[in-house]
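Line by line, the protein sequences are chains A and B.
Okay, so the first sequence: first residue is 1 according to my numbering, each after it adds one.
Okay, so the second sequence: first residue is 1 according to my numbering, each after it adds one.
Rather than coming from a laboratory, the hints here were simulated on the basis of the structure.
All C-beta atoms in this analysis are idealised placements derived from N, C-alpha and C, irrespective of residue type, glycine included.
One or more of the hints may lead you astray.
Said to hold, decoys possible - Coverage of chain A stretches by chain B, computed from C-beta distances (three or more under 8 Å per stretch; other residues unrestricted):
| id | stretch |
| --- | --- |
| 1 | 43-49 |
| 2 | 124-135 |
| 3 | 181-188 |
| 4 | 194-204 |
Given next are the chains, with one letter for each unit.
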Amino acid sequence: MSKQSDQPDMKRREFINKTVLAAGVATVAPGVLLAIAKAGGPGTGASSDVRWGMLVDTNKCADDCTACVDACNKENGIDLMNRPDGQSEAMWNAQRPQWIRKVKLKDRQTGEITNLPMMCQHCEFPPCVDVCPTGASFKRADGIVMVDRHICIGCRYCMMACPYKARSFIHSNVEHQTERAPRGKGCVESCNLCVHRIDYGGTTTACQDACEKDGHQAILFGDLKDPDSALSKALKQKSSRQIRADLELNTGVRYTNV
Amino acid sequence: MRSSTGTKWFARLFMGGLLLTLSMGALGESSVIPGSKAAGLDSCVAPTAEMRRYHMLYLTHDRNATVREGRRDIKNSLAECVDCHAAKDEQGGYLPVNADGQFCESCHNYTAVNVTCFQCHRKIPGEEHSHPGSLTGGSENGAGQTFGLLLDAGKAPSLTPEEYKRLHAIVGRED
């Protein structure tokens, strides 16, 4: 049996002190570096000096065009998923992940039709983060709202909390994944503004590229905090609005002509 | 009495020696699958003993850096484990690293530790890499050349001092 004594084990205390100190240094140092670093390379990480956002001009969003949706599906490996055996087509269409979707609005009085792409609005005060019991739903320093699937337990509170119906749940095992978009049964996911592009210094999203390629140019992506960015200039000139602005979530995705 | 103690002592020594010899044999054995890219290399991103003990910590540390902080310059990524350790079948197609008898599965099965990485993560080497220059997902600029961690394998150790400090802080908590 080990030696019994009332005296504290000084060696142990010293060890604990040193460990805590080392852990403190390791925790604080990257944070300090993070605050100094600016976005723009694979090593710098997300910086609070930027806030990524988007402006959608609904006038330019064509009625039967699905370029943004298709591009998103391809970019994020959603098109690699297959309907599980025995599931009806209707159920599959209702449950398959959808990071971006087309919404059609009709003014009942005038009959005016408005098309817009709807996706995660990357709120400054995201309700999904508020309700997440594990901390899996989080907002990066640069404003991107994401799910950390390592931590997600698939409770789907965030799906209930999101006013934009932006999140999807993976109901069955997934066979094929891409490196940039891991995906598996039991986790929630949503638009992450093509975070893999941004982290490598990219300045466009897949949906924006596709929209531009088709000649619509309805989607503009950029830094909301940079007054000289094309996005900030466009927001200054045009009258834009947030969807459900009454919730005061300060969304990162804005719309004009809605 | 004395002779029985002596016998016991000898028996203990013998058993200890036997176990040591057996474990040395096991340690020397390589579980790297012949035919994988890893089989042609001297060592992994760190010495083999270190990889056996700490690979899970490298991965946990790096996953948080990547997902939470958006740092993509990490030196030990799961995708690169897969790229290097996946073997090919007779038809030349890649076998998943978590298939029966393959690199990840063989050890994890032996130690009865569930490897759940590949429920979500890609388990065969892919064409695309989300590295700069291949943002469109194309492999035209030679996806196979982007093994950053292998290219600087000569410049060991693979972790920066800061990362080591952090790693040691994690390991220290076990004691």
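Status of the hints after comparison with the structure:
{"no.": "1", "hint": "43-49", "result": "holds (count 4)"}
{"no.": "2", "hint": "124-135", "result": "violated (count 0)"}
{"no.": "3", "hint": "181-188", "result": "holds (count 5)"}
{"no.": "4", "hint": "194-204", "result": "holds (count 8)"}
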